[in-house]
Amino acid sequence: MSGARLEVRDLSKSFRGLKAVRNASFEVPAGEIVGLIGPNGAGKTTIFNLIAGVMAADSGTVTLDGHSLAGLRPDQVCRAGVGRTFQIVKPFAGLSVQRNVVIAALNLAPDIDAAERRAVEILDRLGLKPKRHQLAGALTLPERKRLEVARALATGPRLLLLDEVMAGLRPTEVDVMVGVFKELNASLGITILLIEHVMRAVMALSRHIVVLHHGEIIADGTPEAVTRHPKVLESYLGEEALG
Amino acid sequence: MIGRLLGEAGTRARIALGLAALVLLAAPAMVDDYLLTVLTQSLFFAYLGQSWNVMMGFAGLLSLGHAMFVGLGAYVAGALFVHFGLPPVIGLFPAMALAALVGAAIGFLGFRFSIQGVYFALLTIAFAEFIRILFDHFTWVGGSSGLFIPVDNRTVNDLVHLRGTPEMFYYLALGLSVAALALSRLLLAGRLGHRWLAIREDQEAAQALGIDVFRAKMAAVVLSAAMTSLGGVFYAFYFNNMFPEQIFNINLSIELLLGPIIGGLGTLIGPILGAFVLTPLSELLSALTERHALIGIKHFVYGLCVVLIVVFLPGGLWPWIARRLGLDRPPGDGT
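These protein sequences, in sequence, are chains A and B. Numbered according to the numbering used here, the first sequence spans residues 931 to 1173. Numbered according to the numbering used here, the second sequence spans residues 178 to 512.
Calculated directly from the structure, the hints in this document are not laboratory data. Worth double-checking, as some hints may not be accurate.
To be verified - Chain B regions said to be covered by chain A (calculated; three or more residues, Cβ under 8 Å): (1) 360 to 372; (2) 385 to 399.
Said to hold, decoys possible - What follows is a list of derived Cβ distance ranges for each label pair: (3) A:1006 - B:285: 50 to 58 Å; (4) B:476 - A:1071: 43 to 51 Å; (5) A:1001 - B:194: 47 to 55 Å; (6) A:1057 - B:501: 30 to 38 Å; (7) B:203 - A:1068: 57 to 65 Å; (8) B:352 - A:960: 26 to 34 Å.
Said to hold, decoys possible - A short, non-exhaustive set of chain A residues, derived as facing chain B with CB atoms under 8 Å: (9) 1004; (10) 1009; (11) 1014; (12) 1018.
By construction, the Cβ of each residue, glycine as well, lies at the ideal position given by its N, Cα and C atoms.
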């Protein structure tokens, strides 16, 4: 398994006249980790939903290794190699933690036994193995976030879309997650696009950061360059702060 | 095969299952005709409940119109027998095919246009009513005055024509419920069952994990419809008569889903347990209240019992009993 290259070109989406995303273009090279940041309501999750096939774009294209994802349903996008997590976690609360991940592993696994082996391995990687026989509904929020990641990983993605998986975690837990993603990226070469507000995680993980504001990309570059970009400072801190 | 069916079932569960099987196999030798009828009807409702549970318990699709599949099965097999002498052992195939087709039509309309939850349930009621009215005016099968299958009390059991002794029908109902239990068990342990559970829990998340929600839901409706219609074939040749007013009635739809709800939604044993509580309860109440002139007292007490179980054991009887017997596993997780 290796990472896939994601390319987003001139992507636009409006909701009843409100332009949620305008002409957004960026790319995530194969095997890279890219952070997508921006204030609340900037359109980050909308971009994820457009990539994942939850909704159709008004215009623009999304391609994975050169293949268009246009018109595909979410399950087809998943089978094309895109795994995603949800900002508002969606565990299968009435099923065991292990079964949650087994279901995801069935995306590629030839049979239940193979899916179970894969699930246990991934749960171990995310430190959820001791809890695997509990109901997913009984997990704490940080554990649910990790379960989201475990499920997305179990589908065998070449591109992983992470939507605020660090939110609500303690700093030490953030460090653990950062370690997990670095390791995944290094060992499997999975490409990662992450939406994140926890700057500690974004700075530690991303080789490249895309900044979105009011649906438009206002900066795109290395973490150092982006955090010094005047437009970024303005959108995050307000004009007055800049003096 | 048997190993796969038992799967991870523990020693206690195996012993309990073995005991239950022994009692059920030996029952006809130990009870009188009346009790045998009650047991046969319990098994019949266990089978219907198990079939309904495939949709609601596994895939989370609420059907309030399952009587239509019972009716379609009964009418197709019954009419083919009455008009063409086609034995039910062959007639069950067109019966199941038609029910599956109607199920597919409901599923297609419902899922293609994203009709969910209560609205999907309304769609199933609408279809059941539509079919009831259709049969009410369908004179070829007797219209509203019903279809009768010639009664012919043979002493020799004839499985091909489903004519025989009460014992034969008892074992037939037992066979049906065991087969439905085994099928449900295999489905839950397999790929399709996992997809259903995911959809039941969270459709959006299921889709994001690569599950084709439309196909999986269609499979649940088609399978559940076909299974239920086989119960209808049994109905036709056991009761020997059918009326649209009765067999397509929402009362039957409700009666067959109470078992799995009381027993434990989404569990494998729940539908059986529920049927074995409710059917005898109903009979018992009839016997107790027949001397009292109070109209509706039976239904009142029956309803009260159902309400009490739902209030005090919202997960159903089986998860509660399983915990007590140490057969515990998370509810809905393949118990």
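### Query
Is the shortest C-beta separation between residue 1004 of chain A and chain B less than 8 Å?
Status holds, d = 4 Å.
### Task
Starting from the hint 47 to 55 Å, judge whether the C-beta atoms of residue 1001 of chain A and residue 194 of chain B obey it.
holds (49 Å)
### Query
Within the assertion that chain A covers the region 385 to 399 of chain B, do at least three residues meet a Cβ-to-Cβ distance smaller than 8 Å?
holds (count 6)
### Message
Is 43 to 51 Å respected by the C-beta to C-beta distance linking residue 476 of chain B and residue 1071 of chain A?
### Response
holds (47 Å)
### Query
Regarding residue 203 of chain B and residue 1068 of chain A, is the given constraint of 57 to 65 Å on their beta-carbon distance met?
Roughly 42 Å apart at Cβ, these two residues miss the hinted range, so it is violated.
### Query
Would the hint on residue 1014 of chain A stand, with a C-beta cut-off of 8 Å toward chain B?
It holds, given that the least Cβ distance between residue 1014 of chain A and chain B is near 6 Å, below 8 Å.
### Task
Double-check residue 1009 of chain A for me: the hint is only fine if its C-beta lies closer than 8 Å to a C-beta in chain B.
It holds, given that the least Cβ distance between residue 1009 of chain A and chain B is near 5 Å, below 8 Å.
### Task
Please test the hint of 50 to 58 Å on the beta carbon pair from residue 1006 of chain A and residue 285 of chain B.
This hint is violated: roughly 19 Å between Cβ atoms.
### Task
Could you see if the CB distance from residue 1057 of chain A to residue 501 of chain B stays within 30 to 38 Å?
holds (34 Å)
### Query
How about the region 360 to 372 of chain B: do at least three of its residues have a C-beta closer than 8 Å to a C-beta of chain A?
Answer holds; 5 residues pass the 8 Å Cβ test.
### residue 1018 of chain A as chain B interface residue, shortest Cβ-Cβ below 8 Å
Since chain B brings no Cβ nearer than about 10 Å to residue 1018 of chain A, farther than 8 Å, the hint is violated.
### Task
Using the Cβ atoms, figure out if residue 352 of chain B sits within 26 to 34 Å of residue 960 of chain A.
At 57 Å between Cβs, range violated.
Checked against the numbered hints given earlier, this structure breaks hints 3, 7, 8, 12; the rest are met.
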